[in-house]
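Engineer: Model the placement of chain B on the given structure of chain A, informed by the hints.
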Amino acid sequence: MNPVLDIDNLVVSLGKHAQAPRIIDGVSLQVAQGETLCLVGESGSGKSVTSLTVMGLLPKGSLVASGGSVKLVGEELLTAGDRRLRQLRATTMAMIFQEPMTALNPVVPVGRQIDEVLRAHTDLDARARRKRILEMMEQVRLPEVERIFASYPHRLSGGQRQRIMIAMALVLEPKLLIADEPTTALDVTTQKQILTLIRDLQRDHGTAVLFITHDMGVVAEIADRVAVMRQGRLVETGALDTILRKPTMEYTRNLLSSVPSLVPRAPRTDSSEPVVLEANELGKVYRERSWFGKTREVAAAKDVTLTLRKGRTLGIVGESGSGKSTVARCIVRLIDPTSGGIRLAGREISELSHRLLQPHRKKIQIVFQDPYRSLNPRITIGETIAEGPINYGMPHTRALEKARELLELVDLPPDAISRYPHQFSGGQRQRIAIARALALEPDVLVADEAVSALDVSVQAQVLELLDEIQSRLGIALLFITHDLRVAAQICDVVAVMQHGRIVEQGPAAQVLAHPKEAYTRALLDAAPGRSWDFAKFRPVSSGVAAN
Amino acid sequence: MAIETLPEPSIPITTPLRPRLGFLTATPIIATATICLLLIIAIALLAPWLAPHDPLLLAPAQRLKPSSAQFLLGTDGYGRDVLSRIIYGSRISLLIGLGTAVLAIGIGLVIGLVSGFFRWVDAVMMRAMDGLMAIPSVLLAIAVVSLSGASVMTVLVAITIPEIPRVARLVRSVVLSAREEPYVEAAISVGSSLPKIMWRHLMPNTIAPLIVQGSYVCASAILTEAILSFLGAGISTETPTWGNIMAEGRAYFQIKPSLIFWPGLLLSIAILSVNLIGDAARDALDPRMKQREGGQ
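First to last, the protein sequences are chains A and B. Residues 2 to 548 (the working numbering) are what the first sequence spells out, left to right. Residues 2 to 297 (the working numbering) are what the second sequence spells out, left to right.
FYI, nobody ran anything at the bench for these hints, they're computed from the structure. Glycine residues also receive a C-beta, built at the ideal position from the N, C-alpha and C atoms. Treat each hint with caution, since some may be false.
[Stated by the list, open to error] Heads up, simulated DSS-like pairs for lysine-lysine below, C-alpha to C-alpha not over 30 Å straight-line: (1) 197/B - 363/A; (2) 197/B - 364/A; (3) 61/A - 17/A.
[Unchecked claim] Where chain B lies over chain A, by a calculated footprint (3+ residues, C-beta under 8 Å): (4) 356-366; (5) 371-378.
Okay, chain A solo, but in the shape it has when bound:
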């Protein structure tokens, strides 16, 4: 049987010249009817460019498909005209994107947005179209379809919006569905539902799915076959089980072994070191005063009590909106808590004014999620790192010397000192941000989703670096993450947050292996690929935990 999608020796170059650099270099893929091919790779590997080439959506003028062929049900796409491609999109191939909020038009009700697809490609009358849309919305398991039909995108949750996108993509029963990181922006529990939905719809409709992801866990959940890409080339292709158990290429092995295991690492011995950070019934309430009527109150964090000892790591895990970042910001005093106390090295800091807080700020430092925005693009790395020590009275030359030492500590060349942030990759920037935080020799380092924006291999390196720094400097880490795998590998104690409260708190080995609360259990159940121990190339045998 012919494959639905047949990419043969595709070359995409940057510009039209014969010697132009190749973004995609000789990629060949086939996706059969009813099959899911997962295209895996780190950022910059060319997986998204491949999918955009298929859709005919390459940015005109800059990227050019200069060789090979892309056949959709036997029809060549690279030479097809714009008009033909427009017909094929939606009817024969459809795509869903990472961020459903930006993919939907915010000022048009979602029902009408799906209707547009039907109006453009079918002759159905209004009533038939509406019936078809409502059916489709039921198929993607949206509740109260009549109400949602007339709702604007901002009224829906992230998961519901992604369901709308899927409904829109599948309403004309295309033969090929391209999903570009469709669950990356969603919480784990929602992600699990969407993955199940895509799987079920595929079974019912026999759609071929090209699923693009960077997450090995998601691959293990949804793929029939896997294609691994790196720097525009195909590293290897194979059935899911083969790739996970017996990857043949070195790169694939490395990629798999850097996926952190969900099985918590062996617990360290109990620490009798002094407590450096304590939060007591910390709370943050946002008040919204309206002109008429009463104030609206939103509790972003409530009764959060945490204790962190020197040289230990406390993890706060939770889904988006659980209040974990609010807690981190309160503790660093970037925002002021509305109730409760924070004791930093034995000193209460929650009530201090900004002026009195100044000498205590240096004892607690923070590393942010987005390494592209947390460094001032106009200031050299050296000046960025030296800023803190200079603020606390260190002479400029001595501070720069210190910056050089710190760069060495985070494994960057000392000549980085006179360069600018845009000259570094995401992982390197995160190292720089860590160096900046360490420059003040803090007692506590707060890492707010500090590895979430990084590729797995880079993530593994940064986690290793944090671990090393902790054992060398005896620093305490407050680690905020949504990723249970990361938490399992770095935390001694884990606090699970939901709706601004701590639901469960205890040693990582206990909370993540034998959770007591239903919510923790639900989170663990939803973690994609939880049945695989990627680094050991085998499934997790049930009941085996670190202790």
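Structural biologist: Below, chain B without anything else, positioned relative to chain A:
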């Protein structure tokens, strides 16, 4: 967990914000504008050597002479050489244009930075700015000049005041978005003082938009000065400015239209050049704007 590192793409060492003046010759039109502006600046600087006659010398016997070898553009109603007056007039126009741009940006920057950072200042300052913007700028300038007497300095101040709110609002909007950047929060957490945060982390974000805004302020100030002079509310009438020359030429428009034509032409060229260069600077500093215009 030792794993192979990807080779880092080698990136050439460049410093952001190094002045890149290549945009001044990007297209033939912009290149022409640059040349025109440079010429006008040269004329203004070299006025004493270029002008064939004393621009203030009255010669009633030579009234309203047509172009001749002695008076290239003829003479005006008092027998003064029009060419010399236009040459000297460019000095005032450029002085007012640049002076207004520098003053308005300097004051607007401070107001904008402060009100972008402090909420309580913001409420007061921005209402004051709204109030200023509600008054037509020429009217405000006339009021200021008639209250404090006409001189180059008062005209400069009079034209600057209505330009300040535009700059302040621009700076404020840039600061409002920049202060949410994680690198500003990082600066707070390493204990940087407020003035340091403003100067080092917020102010540089405003430079690019301010260069662009500055060119527009400059162009509009040159025009406003000409309008004030034309209306007789500007610099005293014997001083040669393009506006004054046109205002005096108005009476003789039917006999000698060139009295209005030549200063008017130079005024248009100066303003057009400054605006074109401003547009080019905007495109060069913010490539996204260009893309949008290109329809991509």
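Engineer: Decide if the proposed pair is consistent with the structure: residue 197/B and residue 364/A, CA atoms, cutoff 30 Å inclusive.
Structural biologist: holds (20 Å)
Engineer: Three or more residues of the segment 356-366 of chain A near chain B by CB distance under 8 Å?
Structural biologist: Answer holds; 5 residues pass the 8 Å Cβ test.
Engineer: Given the proposed pairing of residue 61/A with residue 17/A, does the C-alpha separation stay at or below 30 Å?
Structural biologist: Holds, at about 11 Å.
Engineer: How about the segment 371-378 of chain A: do at least three of its residues have a C-beta closer than 8 Å to a C-beta of chain B?
Structural biologist: Coverage by chain B holds here, the residue count being 6 at a Cβ distance below 8 Å.
Engineer: Hint check: residue 197/B vs residue 363/A, CA-CA at most 30 Å. Holds or violated?
Structural biologist: This hinted pair holds, its Cα atoms lying about 17 Å apart.
In this structure, every one of the numbered hints holds.
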